[in-house]
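Q: Chains as they are written, first to last, in our numbering: chain Z, 4 to 647; chain U, 917 to 1315.
Everything labelled a hint here was simulated from the structure, so no lab data went into it.
Don't be surprised by glycine CBs; every beta carbon is placed ideally from N, CA and C.
Treat the hints loosely; a few may be bogus.
[Said to hold, decoys possible] Simulated restraints, written as ranges between beta carbons of each label pair: (1) Z:SER339 x U:LYS1171: 52 to 60 Å; (2) U:ALA940 x Z:LYS81: 18 to 26 Å; (3) Z:GLN21 x U:GLU1075: 31 to 39 Å; (4) U:HIS1173 x Z:PHE586: 56 to 64 Å; (5) Z:LYS108 x U:ASN1012: 48 to 56 Å; (6) Z:LYS40 x U:HIS1173: 39 to 47 Å; (7) U:GLN1115 x Z:PRO48: 52 to 60 Å.
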Amino acid sequence: MQQMERSWDMLKPSARAQVSLNPIRNWVEHVVPEVEKAGKKEGRPEKKIVFLLGDPTAYPKFQTPNEYKEIAANSVGKIDGYTDFFGDFKVRTQLAEVLSSHHRKLEADDIILASGGSGALFYATLALAKPGDKILMPRPTFPLVKAFADFYGIQVVFYDLNPGTWQVNILELEYIYEQNPDIKFILVNSPSNPMGSELSPQALKEIVNFCERYNLPIVSDEIYENMIFEKREFKFISDYTKTVPVLRCSGLTKKCLVPGWRLGWLALYGEGDTFKQVKQALRNISNILLMPNTICQAALCEVYKKSLDIIPEKMEELHARYKALHHGLHDAYGISVGETKGAMYATLIINTEEFSDINSSIDFAKKLQQEQNVLVFPGELFYGEKFVRLVICCDLEIIEEACQRIKKFCLDHKKVFVLQSLLCYILTQIIINIIILIFIHSKFFMDSKSLKGNRSKKYEKTTSEERAMIILMKENGVSCKEISEALKKNIKTIQSIKSIEKRSEYGELKKALIEFGYDWVIQNKNLNIENTRKLAKSVNRLIKEQLTSKTSQFQKLIPEHKILSNKRRIIQQIVDSIIQKVFNSKQLLENLETTNQQKIIPKEEEPDDQNKEYLNFGQLTILQMYYAYTQFIQQSIQQNDLKN
Amino acid sequence: MIKASEFLLSQNQALLKNFSELQADANHTKPLIQFMKGDPTEFGHEQCKMSQIGYDIVKSEISKSQNHSYCHSTGTQPAKQAVAKHFGHGKNITENDVIITQGVNQGLFYCLLGLCDPGQNILVPELGFPFFDGIAQAYQVEVRKYKLQSDNKWQIDLEDLKSKLDVNTKFLYVINPSNPCGSVFSKEHVQEIINWANQNRVLIVADEIYYGMSFGEFVSFGELADEGPIICLGGMDKMFFTPGWQISWMIFYDKNHYAGEIKQAMFNLCQLLLHANVFVMNSLPQILDQLTIYYARDRMTHFKENHDFLIQELNQIRGLKCIPAQGTFYLAVLIDLDIFQVKNDTEFAKKLLKEENIMLLPLSWNGTEKYQGFRMLTIATKDIYIEMIARLKEFVLRL
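Chain Z on its own, in the form it takes in the complex:
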C-alpha cells in the first residue's frame, strides 16, 4: 500500500523555498553574524559603525517625526474591520487626487494599496509576468524584484547602467530588445537604490520613447520619490508621457521615515482601459494577500501631504552627509566615492587591482567588518561589482570616523610593489606575450585534441571507470588523500585527474559554443572586429543569452549539476576562445592574401599528426623561453652572490 511508504523524512520544503530569497536580508540575518563569529582582527575599534539596511529611522536625525506619530495615533480605532482588499475606497480616492498629475487625473480605481513598496513591486511583477516570461531590469539594482522573478521562474534580462553616472545606455536597450522582443516590462528606479543616483530628464525621455516604440509598460520603483538634493523639483517618469503605461510603485516607507508601517501603493497611469486586464489580475492577488494595516491606511494621505514639506529639509541633512563622505575619502587609496544625487545612499567604487588581497566587493565588505568594525553592503548583493553601498543617515561625526577607518583599511591592503616582484611581473608579461604570439603564429586553438595533448601521462594510466569513480568520490566530499588510499593510487595522480575532469566538464558545451560564436561573428557583417573590446562585449552577450535561454540548443550540453551555477568564468573563457579564433582566421585571411595559398591548410582539415607537430613546436618554444628565463634569473642571483 502506498500509505505505508510515508515517513517523517518526507517532510521537505518545496524546492523553490529552499534557496535564500532576499540577498539583502540574508546578508544582514546570516552573513554578518557568521563573519562576526569567524573572528575579528585584534585591535579592531570597539564601536560598530553600521551602514547596512536602508532604514533611516535607525539613526537619530531621521527618526519618525512626531507629527506622523500623532496622525497614526489619531487613526487608531477608525477602521478595525476589513476594507476593500485594494485598500479603503475613501483613502484611495484621496490618494488618487494627490497623485494626479497635470495631464492625467487618477481615480480611486487606479490606486491599489499594498504592504510596503515591496508589496507593490510584488503585485506589479506578478501582474505583468508569468513564470517563463522575461522582464528587463537595471544593473546594479535593488534585488527584490530579481528575488520575486527567481522565485517564480521569471527570466531577468539586465540592462547595465553606465558606471559612475549610472545613466541608461539607450543603444544597449535597443540591442536587448532586438534580442528579447518578448520582454513584459522594463523596471526603472530613480532615485536609485543602491547608488543614490537620479535618472536625468534626458534619460527619462529616452526610456519613454523606447517604450513607446515597442509598446512596453514601465514599472517605476518610486519608493525614493521626491528624495533629491538641493531642493530641486522631482520629475516622475510618467510626467514625460501620455501614452506609455506606467505602474508607479511607491510607499510611505522611506520618504515619511516609517518603514515599520508597511504601507505602499501602486498607481496605474494609462489611457482608457489600458489597465483593464491588469486590474483584474491585481484584484486576484490582493484577494489572496488582502489589504495593508488599516490604522496606517487611515493615516496615509495626511502623512503623505505633510511629508512634502518635511522631505526637502531632511534631504539637506543627507546632502551634508554625502559631502562629508566625499570630502573625507577624496584622498583614500584605491577607492572613490560614486555620484549621489538623492535617496539616502552612497557608493564606494573599489579598484580591486590596487589591493593586494581584495578581489571582490564581498571581500572588501567582510574584511572591513572584521578589521574596522564598519558594516557595508557589497555590490554583488545588487548584481553589480566593485562597489559597496553605504546608508548615509548617521551623524556627521560617525561619517568622519568611518572615513578614517576606511582610509586606514585601504592602506592596510595596498598592493606592495618591490623591485623584484616588479621584475618578475614584467618578465612574466613578456613570456605570456610571447606565448600568445606563438599560439597565434602556429594557428593554435583549443579543442579536444589539444586538451588531450596537454594531459599528463598520469591521466592515461587510469581507466575511465577509475576516473569516474574518482570524480564521484570527490563530489561526495572525499579528500584526494582518502581516494588515493582507497584506490591505491599515487595522490598526485588523483589530484591531476580531478583537475582535468573538472576542466573538461564543460568541454562539449565550450566546443559547440565556440563554433557557434565564431560563425556568428563571421556572418555578422556589421561587427567591426578591429574593435576587440566591443566585439568581446557583443560576443559575451550572445553567449550569455545562449546559456540562459531555455529554448537554446546548447541547454542540453550544460552538465546537469551545473545548470544553476554561475557561468561567468565559463562565458569569459568561451568569449576569449572565440575572439582568438576570429583573430586567427583574420590572420589566416591576411596570410592567404600575401603568401602562397598552398602552404596554408585550414585548421579543421589538418590531419592529426600535423596537429601534434604544431604542438610540439609550441611546447618546445615555450620550454626554450622558460629555459632562457631561468638562466636569466640564475645569472642575476650569481651576480648578487658575487657582489656579496
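Assemble chain U onto chain Z, guided by the hints.
A: Showing chain U alone in chain Z's frame:
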C-alpha cells in the same frame, strides 16, 4: 490594453466572477441587508469591538520611536515571545517557533509556496474557507477534498480522509473552529485527528483564526500536539475583532524537529514579503497580557443568542434547514432547491438579492457543490434579523 499575466488572471477567477455578478441594486425599494464578509465589526456591535484598553496600548506603542523601523522578516522579538508564551501550551515553544504574518492568508500562502512542489497534493475540508481552491492550480498543486459529517457536528470522516492520502500528500488542512460551518471539534476528535496524522506521518496545518470562539469547550491542535509536527495559524483578526490590523501568527509545534527544514524554508519566504506592521506587532504582548486569549470567547453570548434565535426562526421557513454551530459567528443554512425552484444556491442568492435586497454568501462558493445553501452571520442585531426573516417569509410565500 496591456496583457496581464495569465498566471495571476487564472487565480481566484471563478470566485471573484461570482462576487462581481452578485451586485446590489442601489435603487431597490428595500434597504440592503448584507451578510457577505466574515468581518465581525461590520455591524458595529459593542460586543464585537476591540476594547479601549487595546486602542490605548497601540497608541502608546505608536509614541515610541523604535516601533516605526524595519524589524526581522519573521517579526519583532517581543511579539514572537508573547505568542510563544500565550500559545505555548507547555510545549516548550520559543520565539524561534513563531512567525508573525500579515494576516492568516499570508500564512496559508506561505504554506502553499513553502511546502508544495508541482504534482503534490493537499487535503482540504470539503466545506471550508476556500483559500487553496482558487490558487493551488496555478502552482500545480492538487486540492483533495475530504468529507465532513454534516450530521455529526461537521466532524472529519477519517475513513474518507485515509482514502485521499498518498505519498504525494504534503499536508492536512483543518479549520477549527470552522468558517463557514461554525463547527468546533471536541477534544476527543482533535485527538483522533492528531493520532491519525501521526500514524500516517502527515503534517497538520491547523487554521485557528477563530481560536477560542466556541460556545462550549475549545481545544487547540497545539495543545494536543505530541509526536508529529503541527503548524497552527492564528491571529488578532477575529480574536480581538481587528481583522484590518493584519497581525497574525504561525506557530510550529514540533518537538521531534521533523519539520526543521520546513521552518527554515518559511523563514526564507518571509524575506520575500517581509514583516507586518511593527507598532501593532509590539502592542501584542500587552494586549495578550491584559485582554487575554479569551477576549473573543468571553463575548460569545451575543453570537450564541443570535445563533439560537436564527435556528428557531429559519427552521420554520419552508425549504431552509440550519445545521447548528458550536461556535464562531457563522451558521450554515441548507436550502431545498426544489422548493425554491432554482438550479443552485448561486441562483437562489441572486434571486433573493433581486427580490428582497438581501445579500448572502452561497455555501457552494466555499469550494464544493455538495452543500447548497448559504452562510449566515450571527454578528448583527436582532432587529436586522427580524427584518430579514420577515422578508424571507414573504419570499417563500410568493413561490
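Q: Is the hinted range of 18 to 26 Å satisfied by the C-beta distance from ALA940 (chain U) to LYS81 (chain Z)?
A: holds, 25 Å
Q: 56 to 64 Å was suggested as the range; check whether the CB atoms of HIS1173 (chain U) and PHE586 (chain Z) agree with it.
A: holds, 59 Å
Q: Please check whether LYS108 (chain Z) and ASN1012 (chain U) have a Cβ separation lying inside 48 to 56 Å.
A: For LYS108 (chain Z) and ASN1012 (chain U) the Cβ distance comes to about 50 Å; the hint holds.
Q: Does the Cβ-Cβ separation between LYS40 (chain Z) and HIS1173 (chain U) fall within 39 to 47 Å?
A: Check failed, 23 Å falls outside 39 to 47 Å.
Q: Given a hint of 31 to 39 Å, does the C-beta separation of GLN21 (chain Z) and GLU1075 (chain U) actually sit inside it?
A: Holds, since GLN21 (chain Z) and GLU1075 (chain U) (Cβ atoms, about 35 Å apart) stay within the stated range.
Q: Given a hint of 52 to 60 Å, does the C-beta separation of GLN1115 (chain U) and PRO48 (chain Z) actually sit inside it?
A: holds, 59 Å
Q: That 52 to 60 Å hint for SER339 (chain Z) and LYS1171 (chain U) (C-beta), does it hold up?
A: holds, 55 Å
In this structure, only the earlier hint numbered 6 is contradicted, and the remaining ones agree with it.
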